[in-house]
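Required output: the full structure, derived from the provided sequences and hints.
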Amino acid sequence: MLKKFYKSGILPKKWLSTFDLGEIHWEKLTFFREDSSIVIEVPKLTSSQSDSLSHYIKNQGSQVIKVIPLDVILDGISNVILKLLDKNHISRQFLNEALPIITGFDSKMIDLNLSSYLKTFRLHSLKIFLAQDFNQVGMLNDFMPVVKGGWSKVKSPDLMLHVWSANVPALSLWSLVCSLLVKSPSIGKLASDEPLVASIFIDLLLQEIPALEDCLSLVWWRGGDFSQSQPLFDHSDLVMAYGSNETLSSIRNHLGINTRLLGHGHKLSFSLVSDSALDNKSAKWVAEKAALDVVRYDQMGCYSPHAYFVKTGGLVSPKEFANILLYEIKSLSHRFSSRHLSVAESNALNNWHQENIFRSIKNSHIEIMGEVNSTSQVVFSAIAIPLQASILDRNIFVIALNDWDELGNCLRQNRHLLQTAGVAVSIEELNGISNLLVDLGVTRICSVGDMTQPNSGWHHDGGFSLLDLVKIADVEESAINSAELFTAYRN
Amino acid sequence: MGYRMLSELNNLIPAFIQKQNTTIDDFNNLALLLFKYQFNCNLPYQQFCRSNFKTPRNITHWTEIPPISINAFKEFTLSCVDVLKCEKLFMTSGTTRQDMRGKHYHPNLDIYDLSMKSFFKKSFMMDHERLPMGILFPNENELPNSSLAHYLSLAVENFGTNNSAYLMSQSGLEVDKFLEFIKSANEDGKPIALLGASYSYILLFQVLKEKNLGTKFPLPKNSLVLDTGGFKGQVEEIELTEFYSILSTNFQIPLANCINMYGMTELSTQFYDIGQDSIPSIKKSPHWIKTRVLDPLTLKECKPGEKGLLVHCDLANINSVSTILTEDIGLSVSDGFLLLGREKGVQARGCSITVENIAQNQNA
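Here the protein sequences come in this chain order: A and B.
Heads up: the first sequence begins at 1 in the working numbering, then just goes up one per residue.
Heads up: the second sequence begins at 1 in the working numbering, then just goes up one per residue.
For the record, the hints were derived by calculation from the structure and aren't laboratory data.
One or more hints might be untrue.
[Unchecked claim] Keeping only pairs whose Cα atoms sit at most 30 Å apart, straight-line, the calculated DSS-like set for lysine-lysine is:
(1) A:K362 x B:K36
(2) A:K4 x B:K307
(3) B:K307 x A:K330
(4) A:K66 x A:K14
(5) A:K362 x B:K74
(6) B:K303 x A:K330
(7) A:K319 x A:K284
(8) A:K28 x A:K13
(9) B:K300 x A:K330
(10) A:K155 x A:K119
(11) A:K319 x B:K54
(12) A:K330 x B:K54
(13) A:K119 x A:K284
(14) B:K232 x B:K177
(15) A:K362 x B:K88
(16) B:K300 x A:K362
(17) B:K121 x B:K290
(18) A:K362 x B:K85
(19) A:K119 x A:K108
(20) A:K108 x B:K307
(21) B:K303 x A:K108
(22) B:K303 x A:K4
(23) A:K362 x B:K54
(24) B:K307 x A:K28
(25) B:K177 x B:K216
(26) B:K88 x B:K117
(27) B:K300 x A:K108
(28) A:K28 x A:K44
Rendered as structure tokens:
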């Protein structure tokens, strides 16, 4: 039986009991899908409450989290993740029921993707995050000797603010887990379109590690409204924000000179299919994998493909591949229905379909594949055209290339937006193509079919998951050498 | 064949517009004939229909005619007749996409004018033969490609008295003329009509206020006010209830006398409501245009009570395409439809880029 109300948001109990700044206002966010609805209540703080909370977490939290051994944090996170992976656990069952209503995504798709995403944060995977960024994990606890000489230690932010978006469910976990791994106290701004997962995660984590209560808080404000939330930005050492470029630039305008912004803005991802992967047998395999990338969360991730560049010369032509891909997308749609679209979204999709029909009338190299007025269409171009944004929701470009050299012209104008490239190429081609892609701005290359499932420790947009959050403090060799002069047992 | 069909349609459509008691079968037959003509003579439309697998052979009802988006008027020349032989070109204001304006070609304006006059008289003039008209919009000479300028000139010419006046030019509102018009109307004490773009009224009150010329300008009893076209970024968007409350208060006329006309450059027929006693008001149409509310994605008819996109099948649109898919959201009601506004693009979700955003990026 679905709980119709959920109080999301986390506020430290001790802070609540000591502060004298009036009642907390809990905003009700209501979500509907077909006959079901759910109300999520989220705390909307006043400016003075925001000020007080950020002071509290920054002062209390940074003292507390420093002394919690890293192993305890790793075990705590991992235990929570194991609970959430357990389909019989009450929290997982709640997520499976509530997320389809909140996000509009198909319930089977959420179930499947949530599990594969959560696996990224099990104990051994968390160790990959750490090993990926720190030569010596001990630096998180104390000074460690380093190659250049002297000692170094990680200095974590005393307060980190997360501003999450909700293009894919549970997106918040990535930055939240990373901040915990570097032992930084955090305040998270829940996304209006998915205010649930972060809260459930922290609820469970506080059962595992009650001491973290003073280190973590989740609040909410209407996106773009800084009137009450400004103190949270003022007191944070680091702001990790996800959203549109407009959102990021408005956040940047609200930060003081000493606050760092790590922004994850708009990205464009795509795939390459080589002629070497286009014999009768492989083409089907590639198309099946490609369709998975398209269908997973209806291309709402920054790593989801907008287009497939397919090389001519294989047994299966790019146009034939486009047809097989469309077929595979449709087959998967029987298992995973598309997300529910609002009138505005449907209108935008319909406009996009009509515009492509117009393009196909004007340009003989453009062809539309897919039934009229169906949600999924493949727009096929028989010649190389620049990469452009698809309307998403299972709509994709397939662009024929005669030579990989044509890629430069296709990608160059959007090079600052490129992120993931899925590839179906031979091992002989992989190194050369990877170099070409990286020169053009791509920061992640993976197999077709794995685009939406980045590895633990992934360099998101080319950055470090953990290292970018912290500063490294050095004790230089000279300090050690001179200190030796002053020991009691000196000669 | 095209020429023969055109001369047949040139007889049948005006006759249909003027006919009093028409049936849905009459409408259907004429719509199918018009579709056949447009399919044959309007080549981009034909290609569009073919890509939707629709031809005159497999269409038996007007509701099956493929609706083409208003954006197609920006992308293609949608004219059955050589555009060099067209007497008039109406162009959209370019508010949606500045770079491209929709073009609607008219070989002549006989049917357009007949359509306008027939329904304007019935819907706006009430029992008046003619009224002194104050026009809050530049005249047709100044804006030769504006369908609204032409529409208003038809109103003045056919339903205005000699003392009707244009109170606005391309360079702006002519406040003195407005004050004089109102003053003389009040001296006569007979009802008048003000007609103009919705934003013109807001501009008017702004200018009058700035110049300290007052805020209230009572009109003689039974006067009428017509607005059309919304705010189009010319002035700050305001809610309809607030807008009509301003009109009603400042002109001291009942809300029932504030009539909104809903028209589009891409159509040749207009819709009217019967005042603003309830907002959104019910838009009514004459018998030669039919409106359906469609699911934006499947383009299937919405269930009663469901919002969707408005699609109009306008038999007066003889030279372009009869059936137009708008970007206006509406709701079907028993005696017309409710216009609920225009759906803009959708907000980008998180870090996945959208078409609109990438366009912005490239322009930046």
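How the hints compare with the structure:
1. For the given pair, A:K362 sits about 22 Å from B:K36 by alpha-carbon distance, which is consistent with the 30 Å threshold.
2. Taking the CA atoms of A:K4 and B:K307, the gap is about 27 Å. The hint holds against a cut of 30 Å.
3. Proposed proximity of B:K307 and A:K330 is supported: the alpha carbons are some 27 Å apart, at most 30 Å.
4. With a C-alpha separation of about 19 Å, the suggested pair A:K66 and A:K14 falls inside the 30 Å cut-off, and the hint holds.
5. Under the criterion of a C-alpha separation no larger than 30 Å, the hint pairing A:K362 with B:K74 is consistent with the structure, at around 13 Å.
6. With a C-alpha separation of about 26 Å, the suggested pairing of B:K303 with A:K330 holds against the 30 Å cut-off.
7. For a cut-off of 30 Å, the pair hint linking A:K319 to A:K284 stands: about 13 Å separates their Cα positions.
8. Restraint check: the Cα-Cα separation between A:K28 and A:K13 comes to about 21 Å, which is no more than 30 Å; the hinted pair holds.
9. For a cut-off of 30 Å, the pair hint linking B:K300 to A:K330 stands: about 20 Å separates their Cα positions.
10. The hinted pair formed by A:K155 and A:K119 meets the criterion: a straight-line CA distance of about 28 Å does not exceed 30 Å.
11. Restraint check for A:K319 and B:K54: satisfied, since their Cα atoms lie roughly 24 Å apart, inside the 30 Å limit.
12. Among the hinted pairs, A:K330 with B:K54 is consistent with the structure: their alpha-carbon atoms are about 23 Å apart, no more than 30 Å.
13. Restraint check: the Cα-Cα separation between A:K119 and A:K284 comes to about 28 Å, which is no more than 30 Å; the hinted pair holds.
14. For the hint linking B:K232 to B:K177, the alpha-carbon distance of about 25 Å falls within 30 Å, and the restraint holds.
15. A hinted pair counts as satisfied when its Cα atoms are at most 30 Å apart, and A:K362 with B:K88 qualifies at roughly 25 Å.
16. The hinted pair formed by B:K300 and A:K362 meets the criterion: a straight-line CA distance of about 27 Å does not exceed 30 Å.
17. About 19 Å separates the Cα atoms of B:K121 and B:K290, which keeps this hinted pair within 30 Å; it holds.
18. For the hint linking A:K362 to B:K85, the alpha-carbon distance of about 24 Å falls within 30 Å, and the restraint holds.
19. The straight-line distance between the Cα atoms of A:K119 and A:K108 is roughly 17 Å, inside the 30 Å bound, and the hint therefore holds.
20. Proposed proximity of A:K108 and B:K307 is supported: the alpha carbons are some 28 Å apart, at most 30 Å.
21. With a C-alpha separation of about 28 Å, the suggested pairing of B:K303 with A:K108 holds against the 30 Å cut-off.
22. The suggested pairing of B:K303 with A:K4 holds, with an alpha-carbon distance near 28 Å, which does not exceed 30 Å.
23. Annotation: proposed proximity of A:K362 to B:K54 holds, straight-line Cα distance about 19 Å (limit 30 Å).
24. Among the hinted pairs, B:K307 with A:K28 is consistent with the structure: their alpha-carbon atoms are about 25 Å apart, no more than 30 Å.
25. Annotation: proposed proximity of B:K177 to B:K216 holds, straight-line Cα distance about 16 Å (limit 30 Å).
26. The hinted pair formed by B:K88 and B:K117 meets the criterion: a straight-line CA distance of about 18 Å does not exceed 30 Å.
27. Among the hinted pairs, B:K300 with A:K108 is consistent with the structure: their alpha-carbon atoms are about 27 Å apart, no more than 30 Å.
28. Distance hint between A:K28 and A:K44 is fulfilled; the C-alpha atoms sit about 10 Å from each other, no more than 30 Å.
The structure meets every hint from the earlier list without exception.
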